[in-house]
Amino acid sequence: MSAHPVVEVARVSKRFKLFAKPWHRAAEWLSLGRRRLHDDFWALRDISFTVSPGECLGIIGRNGSGKSTLLKILAGASQPTAGDFAVRGRMLALLELGAGFSPDLTGRQNVLVSSELLGFPPGYAAGKLSDIEAFAELGEHFDRPVRTYSSGMFVRLAFSTFMFLEPQVFIVDEALSVGDVFFQQKCFDAVRRMLERGTTLLYVSHDMSSVSNVCDRVLLLDRGEQQFLGDPDEAVAHYYALVTGRAVRQTAATVVAEPTASEADFTALASDVRKDSLLSGAANRFGGGAFEIIAARVVDLRGRPALMVEALESLEFQMLARANEDVARPNIGLEIYDRFNQLVYAVSALNLDQPVASMMCGAELVATFRIRLSLQPGQYTFVAVTADQSGVADPNTGVYHDRHHKLGPITVTWSRPLHKFYGMAALDTELDLRFGGSSSSAEPSTPSVREARGAR
Amino acid sequence: MFRDLWRYRRYIAVNAVNDLKSRHIGTTLGWGWVLLPSLALIVVYSVVFSQVMPVPKVGLAGSSVSFAIYLACGLLVWVGFSESLSRGTQSLLESAPYLKKLPIRESVFVAKSVASGLLVLLISLALLAVVAPLMGHFPSLVWFALIPVAALLCGMAFGMSCVLAALNVFFRDVGQALGIALQIWMWLVPVVYVETIVPDWMRGFFWYNPVYPFLVASRDIFLGYHLPDGFVWSAMAGWMLLSIVVGLSVLKSVRGDLRDCL
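Chains A and B supply the protein sequences, listed in that same order.
Each residue of the first sequence is one higher than the one before, starting from 419 at the first, in our numbering.
Each residue of the second sequence is one higher than the one before, starting from -12 at the first, in our numbering.
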């Protein structure tokens, strides 16, 4: 692109010294370098990239991959151990919304003070106050101390301030996923306008759909190393490979299991479920365990363990449960959560009108839920759950016997260029088009096109 | 380093005031709480040493003043110094949220805390100037010379705070130990006693104590109505410069690790 990149990073590395005890640091100082009492942790190794004016670079990676450390270094809040970097032009790093706000100043005062704190010349923000006030939609609260604000109001004030300071380089760390949905949408619009104005943007996010939407190029970090730099879609694919690579390795030893759930093969099926089980142990487990979940796995329609699925296609969730005492009205089900930990869908045998018959102590059950994942691409986790509905009047409540949280993650992918739908989930849709007038080229006998979609 | 301090001078000033304000926000007296401790100190000592257990006047180069006034002057200067130092020592830890996110020099935050200490010192000295006539000690224009003395004192506190604040980030014990050290330190200089009670051979050592010239200077000005001599001025300036140079170079050398430990 341009000959003069706005951001230049050359072989930047960052090491943290880890001391087992605080006084080890003092001992090391006093020994004048003759003793070494710390362990090195390399949060970043040899990171190099450049960003051209007006470009949007996304930075993605798993937790602990070094994204935040990299941003801190670029923002000047941390020093690299090795390597050089340069940022040309007025830079604003949005590592945390409202960093630099003091609670006792009013919104108006905070805008002025923090803009100076962020390195803008005095009086710079004064001319933009009315814009900021309007965008933040705070009304009379704009002149009240920030400590009286709700968290939503705080975020609106902070974001508006940053928006209107018009930096040439803008670094955003996960900050756009704040506020209510209307404000979020407003923020994304504002970011797009900034990009159109030629602002250079460095954008860190876990939200892959927004990364591939907004960014021109994407840098993928893993364990402090630069894994990939280039096309956003390719980077996102690499990211998902990394994320699921972990899960795939866990279940890689499995033999292809026949997907039959015939009662004769119950023992074989149960042992397959056991073998591929995703249950992670006690840490994420809750409940009494009278109706215990022993194992749970996810397989594709050919019965192979899978944690990845194309949107609108199906996976089978299999759970092996055992009654450790007599259970009068057992129920078994699962819950699917999105990356915001919002419950997307929960279903149980009872909901599906297939109530489980009472189970004697020692009886086992394999429940297979075949679910079509009509969900937008992204990562989801699921909860496997058993319950007892006896003695409860309300059919929607019950007593949990066993809950295993944070299973998965299940990655819903998208490989086709044209999305089949936009939004969180596909809803059953039928379309009817009827043409009128002479311009229609359709045959008069079949004026309608029907498309049906849904879980069939 | 100094460029950064200059660049953020407005931030330092505004926040030094706000620090004081916010400390007393929500209280009925508000700013009154900045004045009250100093006022109480002055009143208590003057009542104790004039009514409860009268102490003879303190002789000072020809004139003499009541012991209460002598004590109040020395104590307010000492309290101003020790407050600035302890606030300065905590400053980096307190400002961790900013340091972790913003590319601003550490020294700016130390300066902010020490500046609020300077403010308290100036306010309490002004209060003393107002109350002194009631105790028979009349004001003079010379008293304005206390302002540069207070500024030099806080400059020194700034330098020392840079060292202590940096250490306090790595070893949180420093802040705790400082309180005890300050108590001992107070007795190593003639704050609450008259230096004539100390044997002659020990008095020479006072000059190695950084706070001593400031006590001498403020008593010369406030009690003796005359400017301190050149030696005292250069002692104050010398201690201040030394501590600032050491302080800033310590901050500079630990910069790389400092923010990682917050």
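None of these hints come from the bench; they were simulated from the model.
Hints should not be assumed to be uniformly reliable.
Calculated pairs, BS3-like style, for lysine-lysine (alpha carbon to alpha carbon, straight line, at most 30 Å) [unchecked claim]:
1. A:435 - B:87
2. A:838 - A:824
3. A:439 - B:87
4. B:239 - A:439
5. A:693 - A:604
6. A:435 - A:604
7. B:239 - B:87
8. A:546 - B:87
9. B:8 - A:604
10. A:546 - B:8
11. B:87 - B:8
12. A:693 - A:824
13. A:435 - B:8
Some, not all, of what chain B presents toward chain A, calculated at C-beta under 8 Å [stated by the list, open to error]:
14. 43
15. 44
16. 81
17. 157
18. 190
19. 247
Ideal placement from N, C-alpha and C gives every residue a C-beta, glycine not left out.
Exercise. Within a Cα-Cα threshold of 30 Å, do residue 87 of chain B and residue 8 of chain B meet the stated pairing?
Worked result: Holds, at roughly 25 Å.
Exercise. Within 30 Å, alpha carbon to alpha carbon, are residue 239 of chain B and residue 87 of chain B?
Worked result: OK: residue 239 of chain B and residue 87 of chain B at ~17 Å, within 30 Å.
For this session: Given the hint that residue 435 of chain A pairs with residue 604 of chain A, test it: the Cα-Cα distance must not exceed 30 Å.
Result: Violated, at about 42 Å.
Exercise. Has the given pair, residue 546 of chain A with residue 87 of chain B, been kept, meaning a C-alpha gap of at most 30 Å?
Worked result: 27 Å, holds
Problem set entry | Proposed proximity, residue 8 of chain B with residue 435 of chain A (alpha carbon, max 30 Å) | This hinted pair is violated, its Cα atoms lying about 39 Å apart.
Exercise. Does residue 190 of chain B pass the interface check with chain A, least Cβ-Cβ distance below 8 Å?
Worked result: Status violated, d = 35 Å.
Exercise. Do the numbers back the hint for residue 43 of chain B, that is, is its least Cβ distance to chain A under 8 Å?
Worked result: At 48 Å from the nearest chain A Cβ, residue 43 of chain B fails the 8 Å test, so the hint is violated.
Problem set entry | Pairwise hint evaluation, residue 824 of chain A against residue 838 of chain A, where the allowed Cα distance is 30 Å at most | 28 Å, holds
Problem set entry | Status of the residue 247 of chain B interface restraint (C-beta, 8 Å, chain A) | Holds - the Cβ of residue 247 of chain B comes within 8 Å of chain A, reaching about 6 Å at its closest.
For this session: Compare the distance between the alpha carbons of residue 239 of chain B and residue 439 of chain A with 30 Å, and conclude whether the hinted pair is satisfied.
Result: 24 Å, holds
For this session: With chain A as the partner, please determine if residue 44 of chain B meets the hint condition of a C-beta pair closer than 8 Å.
Result: Cβ of residue 44 of chain B sits 46 Å from chain A, so the hint is violated.
Problem set entry | 30 Å limit on alpha-carbon distance, applied to hinted pair residue 546 of chain A and residue 8 of chain B | 27 Å, holds
Consistency note: the structure conflicts with the earlier hints numbered 5, 6, 9, 13, 14, 15, 16, 18.
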